[in-house]
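Participant: Add chains B, C, D and E with the ligands to chain A, keeping to what the hints say.
Residues per chain, in single letters:
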Amino acid sequence: MSYFLRKIGFYAIALWAALTLNFAIPRMLPGNPVDILLAKLQQRGGAVSPETRKAYALLLGGDDSRPLWTQYWDYLGNMFRGDLGVSVSYYPAPVSEVISQSIPWTVVLVGLSTIIAAVLGVALGAFVGWKPGTWLDSLIPATTLLAAVPYFWLALLLTYLLARVLGWFPMQGGYDVVLTPGWNWEFIASAIQYGFLPALTIVLASIGGWLLGMRNMMVSTLSEDYILTAEAKGLTPRKILRSYASRNAVLPSVAGFALSLGFVVTGSVITEQVFSYPGIGNRLLGAVQNNDYALMQGVFLFITLAVLGANLVVDLLYGVIDPRTRARN
Amino acid sequence: MTSVKITDLVKDYTLRSGLKRTRLRAVDHVSLELAPGRTVALVGESGSGKSTIAKILTRMERPTSGTVEVLLDDGTPVSNGHYRREVQMVFQDPFASLNPFHSIEHHIARPLKIHGRTKTQDETRKRVLEMLERVNLTPAEAIAPRRPHELSGGQRQRVAIARALAPGAQVLIADEPVSMLDVSIRLGVLNLLGRLQREDRLAVLYITHDLATARHFSDEIVVLYRGRVVERGPSDAVILDPHHDYTKLLALAAPDPERPGRVTSEAAVDRKAIDNSTCYDHFAGEWREAAAGTRTAVRAD
Amino acid sequence: MTNPSTAPAAGDNAELLAEAAAETGRAPRSGWRMLLPTMTPWLAVGLILVGGITLFGLVGPYLVGDPTEIRDQGLTAPTGEFILGTTQTGQDVMAQLAYATRGSLQIGFIVGVLATILSAFFGIYGAYRGRIVDEAFSLFTNVALVIPGLPLVIVISGFVPRESRGLWTIALVLAITSWAGSARVLRAQTLSVRNRDYVAASQVSGERPWRVIVVEILPNLLPVIASQFVFAVISALLGEAGLSFIGLGASNSSTLGTMLFYAQNGFALPLGAWWWFVPPGLVIALFGMGLALINFSIDEIINPKLKNTRLHRKRARRALRLERELARTGRKAPRQAPRKAAPRNEETVR
Amino acid sequence: TGCSSGGSGGSGDPSTLIAYTGQAGDYQINFNPFSPTRIGALGTIYESLFFYNKAEVAEPVPLLGTEQAWNEDGTELSVTLREGVEWSDGEAFTADDVAFTFGMIKDNPAINNGGFDGEVVAVDDTHVTFTFAAPAFVKGPDFMSTPIVPEHLWKDVNPAEDVNEEPVGTGAYLLDDFKPQAFTYKSNPDYWGGEPKVKQIRFLALSGNQAGADAIAAGTIDWQTGPIPDIQNTHENFPNYDAYTQWQNQMVLSTCASAEQGCEGPQTDPAVRRALYYAMDRTQLNSLAFMDTASDMSPTFALTPSQDEYVGASIAEPTVPMEPNAAEAASILEGAGWAKGDDGIYAKDGERLSLTVEVVTGWTDYITAVDTIASQAKEAGIEVKAAQSSWNEWTEKKGSGTFQLAIDSLWQGPAPDPYYVYNYFFVSGVPVGETAGNNYSRYANPVVDEAVANLALLSPEDPARQAQFDVIHTEIVRDMPFIPILTGGTTSVWNTAKFTGWPSDDDLYAFPAVWSAWDAAEIFKHLEPAS
Amino acid sequence: MKTAEPVLTVEDLTVVYETEEPITAVKNADLTLHRGEILGLAGESGCGKTTLAYAVNRLHRPPARIASGRITFHGDEGDIDILALEDAGLRAFRWERLSMVFQGAMNALNPVTTVRAQLKDTLLAHRPRMSRKEIRDRSEDVLTRVGVDPRRLASYPHELSGGMRQRVMIAMAMLLEPQIMIMDEPTTALDVVVQRDILREIVRLRDELDFAVIFITHDLPLLLEISDRIAVMLEGEIVELEAADRLYRDARHPYTRKLLGSFPSLSGERGAFIRTGIDETSADETTETAEERA
Ligand SMILES: Nc1ncnc2c1ncn2[C@@H]1O[C@H](COP(=O)(O)OP(=O)(O)OP(=O)(O)O)[C@@H](O)[C@H]1O
Ligand SMILES: Nc1ncnc2c1ncn2[C@@H]1O[C@H](COP(=O)(O)OP(=O)(O)OP(=O)(O)O)[C@@H](O)[C@H]1O
Ligand SMILES: [Mg+2]
Ligand SMILES: [Mg+2]
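Protein chains in written order, with the working numbering: chain A, 1 to 329; chain B, 330 to 630; chain C, 631 to 980; chain D, 981 to 1511; chain E, 1512 to 1805.
These are computed hints drawn from the structure, not numbers from a lab.
Which residues of chain C face chain A? A partial, calculated answer using Cβ under 8 Å:
id	residue
1	V773
2	G779
3	I786
4	F875
5	L899
6	G918
Because the structure is a prediction, the values reported are computed rather than measured. Quick reminder that beta carbons are idealized off the backbone N, C-alpha and C, glycines included.
So that you can see chain A by itself, here it is in the shape it has in the complex:
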């Protein structure tokens, strides 16, 4: 139990750190974002009431006269109420609303493709690691190449080849917009068809890391005594591979899974851009390009929350998978 408490405590701190970072970034950096923002708002014809100004100053850390810590408290209060401010580029829509529209897409795309990449990579890695020193090892340089390819570059090449030249997949978008999003087969089929290329990119670009990690762990695990014992016990190779070798070798990969989500979200920001995918990455870029600071902060906060949440889940799960963690410290 205390393992779990500790973990939850840690995530509370991490969450607080993320919130504080979000609060601090605009205040630490030079320039006055509030002015930029308000100029932008005015330019677009928005009304700038003193309240609006105050709200933004609070959110972004402008030249507010109040002491920093009161600003900080108000900010935290706003965050807990889910009030992330108003998006400039989508004025007057609140940031939370803008983000909530994009969330499902990213969650599904990134989530699924990360899981696929991880499962595939781990399975392949286990396979390659199970027979180290065979021809399978020659897969490794290829995977390192894949792992070092910039996501967007790969994405562009893939679209060029698979979508433009061969015409197998649609080039952009999240689904056939004629359809109404919902739980009907037609829509889901279309979403899969449209999501295939982005997912393929993410899978291709991230599978190498999993494969290598798993392979190395597998090789290390194979020299453990318990593998030898299993062999001596007369277990079948399949049984050894599954319940002994892979089961132990996969642990670091599981631990790394949630962390890698952070990396993948990162990669997907750009991938979404390439594919005009309706996800959160697209919003983040839009926000940056439009100097929509509130949205920028909101998206960052959301991504952080998602990664933290995923980490928490994996950590809690990990406590179940690896009985030793619960005992440690």
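Facilitator: Positioned in the frame of chain A, the structure of chains B, C, D and E with the ligands alone reads:
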């Protein structure tokens, strides 16, 4: 000549499991004296607090309470600055106690330099070779530039001894110095230690769980059990005439080819039943309260 | 390089390596030399790639013409004069590639160094000091680890005025967001090294803490640090490319990322101008691959278990073959002549 | 191309037009025509009184208004409204709606972009009168193109904040369906002008120009305004499509021109500006930086060719020279006391003729243009360096006058009349340090100021205007506070196989840009499915 | 001494590590193991004890290979040529007939599954038809035999102390009641007292179940006490194979004598060694030369 006086040493570790904290008393009111030219063996099972005492002696840990005094010939305590020069240690694992990255020379030259034993480069080098020769590592010139992995376990342990002696240490703590070595070379190292001890009239604390070597290489044996001293006395007396249940058990557990079949014939002893509240002192010939150290005799058996 | 999780198991690498070297009958190597990986085809490929590209980035700019020179010929495919063709504005792609490679390498190197310094500080110093410092540092590290990097970089870049968003700013931001993983690995390694007896021994002999860290602990962590450095460089290159690609890179600098950005905006791919679009990405990928291959060899120092399999691959095959042969020809095969045992000096034993 | 599965939006449906505006990212619902972040509704759902075609000098097209008439001194405008128009919810459109709309704008500064300051009175159901304190001829086009909203629905909402999820207008289209990835209009069967032929219009969300170009290649959109590769051969590359370019953006090197107002640097010398003007090789610029989509330009800043008639005979060089003229540049510079140094760069009083051009990072065509200009200027002995910075930074520099040169473009007013350009960019420059309006150059010339003020008092039909224009032209061609480059083309690519009736040189009934909502709405009404 | 009925014969076994310079870790070893006996295998580190043990069970991995020899298991159903066994046959043979407790058995248990699961998969691998209840009963039975509370079945290895883990391994080794058990330094890492307990357990179980044990250690005094016969290995060769008491009293090979001389005797005279008293200088020399050689 330097002697060490340990009085009422207590060391508590705080163990944390989750949010709970528990205290573990690793050393419980231990008093000991190390005199020049004498070897005291500290025996006891795993986890009985032997290494903890060694760590406190070398100031790698602070005692929770109690004192460690290192006294010079004239009875004056050594200053903190010179403590490390007087008290040195040989570690258990010869493979781990030398830094694989550095040459043998580095290992011995460093303490010489730190403690100002040598001034010039040449002098240092000469001293290093001398030290190597003292621990029978010849030809010293060939050994000095080597790296630890180029030496066998026994040779490494000799280097470790040379390093410990380099600052001119008068008190040597040897924490299971041979338990990681191959059987066939253990005696060599122990004999070397014995010789140096005699030559330099060192005060040695020999930590081991091997009763046989404890008996052969020390003058006095102190038996530690769950942090407390449960028996002490001259080596032969402790081994041949153990009083405390735990010492008896230890003596029994040591293999003795003179009496084959002993293993099966004797019933297992329930260790939980052994208490550590009393201590038999062979010097005084009486039982004492273990946790109170040596000063207060409580009751006769 | 998305899986930062496989922290190599701690091990006294240098020692094991030396043993392996001794075992192969070669003369044991000196302290520094031991930290070098053994040459393998992979390492060779990695070194050639990394060395070649680095050389290209260093020397290339002096050999090529002005990358900004504009020619009326516009977009042209590779020819003898322009090995990699020209861009839309007739700029020599080869020349641009040389300068961009230099820019990217610069960023990669700066980030690598900064991230390594940060991770070494938080990882090694924290673990060495132990207790509350360690607790604090490791908490900080873990928090920094779970906060996603690139979105943070994007956000920071979004706030930093473009004018001050120079090479160093971008490098600093990338470094700040990428050190944590390494610090965690270094911490684990340091904890294991710190608990080794030789560290205790040097403390007992009176070494000062900084000397213990620098002289006793650090050398044994060098392979790990090297591996982390390499990893940091890869991710910096990728991160920078991504940032530049979305227009948030270092201003007024030419990197592979900005080159891709211009290629993309100049419709290089739709126009079929692969010579403009493919080389920058390929240079990144190949450089990354080279580094990864080098890292693979460093990993083998860190975790000798990995090495042994590869080292013994050939032997293992031979052993297997011989054993099969033996099984086929029957075990009645002539005995292998036992090798003469070294003459034993029986005098010394009574 | 070979994509049988149909792309986004099912381009296969012959009566649906799919358009991409060039906006990056998903849509957030907002059909409030007054909101700066609206995503549509202008023209298609909400109509204005008249439509002004910026592309051609022509009469305004009557929409909800049928006639307009100014009084003599330009202080009162009477507008006759169309009869029998209904809001799409069935309510009748009346003069009260017009009066309400303008009243609302005036009451809400947040949505009063045009600075409307008149009084509107509904004379009867079909007549309204606008009255102004001062002559307002030139403001007409601005407020005549204000979207008119129904009073019965808008009287209770805050027009600055509402997102108007269910727009009710008088236009040819109704909102059919909204998704962040796309929204669709359907034709209004009860439209006063008759139901349009194009039954559905869908706007797609894509991530930017690149994506738009890809979508054209895939055949998934029918109209986009933005660059595509190999634009000259669009029809060969994509047989269903045609590209059409119109020219409105007058690209210039803005200069901080006025030394009196505190500008610093060699560019404060008109000779330097003129020399740069002659140093440019515009043919090369056009082909390298603008894919040959730019067209020539008049140094008088009257749009060419549509506003050529405004350029008087006194202007010797009515359009910019396409070839560089180094000799001319040299003689201008030498005439002003500059002398060529050893490094081939002119210098005067020890100051090298070196200029920095501010350009926004990411605006690749401009960056290329600056690079090209730099190498051309070098030939003429002028050093030009590019400095990339963010849009914010760039705007801020222009606004505060802390720049030498900035590549930029000047925009057109609400009607095809060069008056607006002069009024926006050439009058009453403020000192460096004060925030400049549109006149970044801080060009302050009392002669020009006066001429522009005079123009405002004259009716657009008044022939007396030409004299004023001549004055302005002489002054600005000589001083050149903005160095003309070329007129930037706005290229639309549209599907001519699916729809006919697109604007053309012969019938340029609207400015063809999908993002220019009023024009786009006109175009939608003109189109017909090809089959 | 028990009846001299052999269960395992190793003839002329040579194991070579195919490294760059091939190392012959076991040289022409001949060994017979009798039913129910404890055969001690002693020798210094690196002399090939573990290699021999692995080869007997064909657990050696490349680059090790068996270069020559014959290993025969004399079971109730006749002889089995171990080196000729194919995959399935080998799997069936292992643990059923010959089980092992490994050097450092602390790590021999799979850390992520319970003791129960590990006992179960061993049973199921060989007795696929066993019912759940039978499995549970058998598991509880073996644990009880080695003195571990059957409730520990639900524990994960890390929840057990070192001694308990060792016992669990021994329990696992007995699970299928094999005729041979090879124990490679099963007690080296343990506390003397715990070590004693485990030894006692092994001897008692052997008496009860009558399996043969090959007991590997370099603690010669310990071997002298518990084994029936002792083989001494030196650099891959078995230099002496004798009954324990004979070896103790009358070692023939100088190396054996040297080994015996390295152990001080606990209860003998002070300064006496197990076999011969060796004075300091010569002992020093001995090690010196031994090290030089190494
Ligand atoms: N740093 C520490 N933190 C917490 N507990 C500790 C620490 N070091 C030692 N202990 C505990 O203190 C007790 C005594 O340990 P110590 O190392 O002194 O035993 P030992 O007699 O040397 O055992 P061994 O023979 O196994 O070396 C043990 O229970 C151990 O778990
Ligand atoms: N995988 C291997 N590759 C090459 N040589 C090996 C390998 N494993 C062992 N050896 C060598 O074979 C010899 C015998 O090793 P083995 O492990 O059998 O010794 P041991 O008697 O069990 O030693 P210990 O008492 O230390 O366990 C040693 O010289 C060793 O170096
Ligand atoms: Mg200890
Ligand atoms: Mg062994």
